[in-house]
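A.B. asks: Given chain A, work out where chain B should sit, using these hints.
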Amino acid sequence: MFQIRIHGRGGQGVVTAAAVLSVAAFLEDKHAQAFPSFGSERMGAPVVSFCRIDTKEIRLREPISAPDALIVQDVTLFKAIDVFQGLKESGYLLVNTNQSFADLHLAPIVAKLPAGHAVTVPATELALKHIGRPVPNAALLGAFAALTGIVRLDSVAKAIREEFPGKIGDANVAAATEAHDAVVARVKSAA
Amino acid sequence: MLKQVEGSHSTAEAIALCRPEVICAYPITPQTHIVEGLGEMVKTGDLNNCEFINVESEFAALSVAIGASAAGARAYTATASQGLLFMAEAVYNAAGLGLPIVMTLGNRAIGAPINIWNDHSDAMSMRDAGWLQLFAESNQDSIDLHIQAFRLAEELSMPVMVCVDGFILTHAVERVDMPAQADVDAFLPPYEPVQVLDPKDPISIGAMVGPDAFTEVRFLQHYKQTLALRLIPEFAAEFQTRFGRDTGGLLRTYRADDAEMLVVAMGSINGTIKDTIDEMGADGFSIGLVTIVSFRPFPTEALRRLLAGRKHVVVIEKSFAVGMDGQLANNVDLALRNTPAAPQVHSVVAGLGGRAITRASLHRVFRRAMAQPWEGAHFLDLNEEIIGKELHHVRKVRRSGPTAENLLRRLDQAAQAPAAE
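Protein sequences appear in the order of chains A and B.
Each step along the first sequence adds one to the number in numbering that gives the first Met the number 0, with nothing skipped, and position 50 is 49.
Each step along the second sequence adds one to the number in numbering that gives the first Met the number 0, with nothing skipped, and position 10 is 9.
Just so you know, these hints were derived from the structure itself, not from any lab.
Where hints are given, some of them may not hold.
List time: in silico DSSO-like cross-link candidates among lysine-lysine, alpha-carbon distance up to 27 Å [to be verified]:
| no. | chain 1 | residue 1 | chain 2 | residue 2 |
| --- | --- | --- | --- | --- |
| 1 | A | Lys157 | B | Lys2 |
| 2 | A | Lys166 | B | Lys42 |
| 3 | A | Lys55 | A | Lys78 |
| 4 | A | Lys55 | B | Lys42 |
| 5 | A | Lys187 | A | Lys111 |
| 6 | B | Lys42 | B | Lys2 |
| 7 | A | Lys157 | A | Lys55 |
| 8 | A | Lys87 | A | Lys111 |
| 9 | A | Lys157 | A | Lys187 |
| 10 | A | Lys166 | A | Lys111 |
| 11 | B | Lys2 | A | Lys166 |
| 12 | A | Lys128 | A | Lys87 |
Excised from the complex, chain A in its bound form (with noise of 0.2 Å):
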């Protein structure tokens, strides 16, 4: 079982962002499960939601206290919660931003985990490329994919159109794609 935890603000869309990266695992025929963490949210707060995937049914209903995948949506986060709380050795870390890593004085959480195993993207400078809003979701799920291989690009766009039809479908896809191809060539130049 592979387990993502989404770390993102109010308004940010981080339910709609575990659904749809669990629409894409479904589309390759894995068991999903996504679920936000409950609560009465209001507009900036932290918030949290989770994802699992596996090849087989899955049972369990407890929240991901160890995830093998983190996606942070807000580096404002960082010094607001402790993110990393669990984060396997083995694990994978996907931050929007288009500072570096040294830049958000991560670099020894960084250095603790496999090589390639974590990038920032700029997922919210490609949203407002692609969308003309704010909305990093995209791009950060066609990242996901290129970092972790645990879903596919082409199930992430399938999975956002489903969600998202029409031309604001076609324009996230693009997001996605560019974010995807950019992570792509990060991994394989730290490789």
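C.D. replies: Relative to chain A, chain B alone:
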């Protein structure tokens, strides 16, 4: 057809497949997405021949369902928590009148303190009202149980409550196999009421009954529940033949055959318990699971046959009767009444107000039940430190203040303490 959708959405779709004719709704978290989904289907025409009625309260929601059902319509509503309490009088009326309404309960805690998260306090508050109560373990279960619920309700002319864990199931996106309309139609025939308000053939429903016949009306209500004990497995078997899934029934077992310890639980927690049991089985423990699907009627006989002769029974439930023990544990005790060589029953209260129930905690409590059994209810993962401090405070200070606020302040202090070091 396989789908990857939110639980509320798949539940709404299953209800639409049952062709309800009147849906009354008043929104309350966490069931809101279900009736919103149904409202949308009525508006788009995906759900035909159905009137969606917005009402001003939960009391009105169930009252309208009662009226619709008495007039011969297949009626549905949904609620949770405080909403169920607000309709309490109508809950008893629907059962007392014998009207086959189906209601989804998106299980949620009851305040005070205010809490929107999941537990089973709401369902337990109405356990004696005369409704059948079925508990879903997964969103697939929710689909299948709702379809069986309409069949059961109408066959017996009794209301059925399908309990679906709020958030944990209603807001989880997971794989479900959505039945085909033709199969649902074949399983669930059109509603043929046993009593109906029809101007062409006038009757009254809801007579005042004095001491001369009240006991007998109640007894017949009780008798119907005993009929349900037979019908529930029958319909589950028929459902399995048609849909290929072993869902429904009174109870289900998992690795229970020769287990010395059996866990008894209801609802979505069963998945996490199964994973824990697999891990403990690999460690050499003899442990299995009994999942209660039908809490009302309670499968007393079936449970007694399963539990008799075991060493330990651990009952885990998301509710308890304050001052007493867990309601499910009490019912399990009842099932073992006068049983020779009855197992030791260990009561665990867990997951109140949305507290996560983890495998780690389950491992600990199952092992403890074997090694160091306890009396009364064990509260899983109880924060004994803040309770000790609060009790000390209450003993020392007369105007000790509101409990909830005091505990929140203590939690804040505890969270900030390490940062100050």
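A.B. asks: Going through the earlier hints one by one, which of them does the structure break, listed in rising order?
C.D. replies: 3, 4, 10, 12
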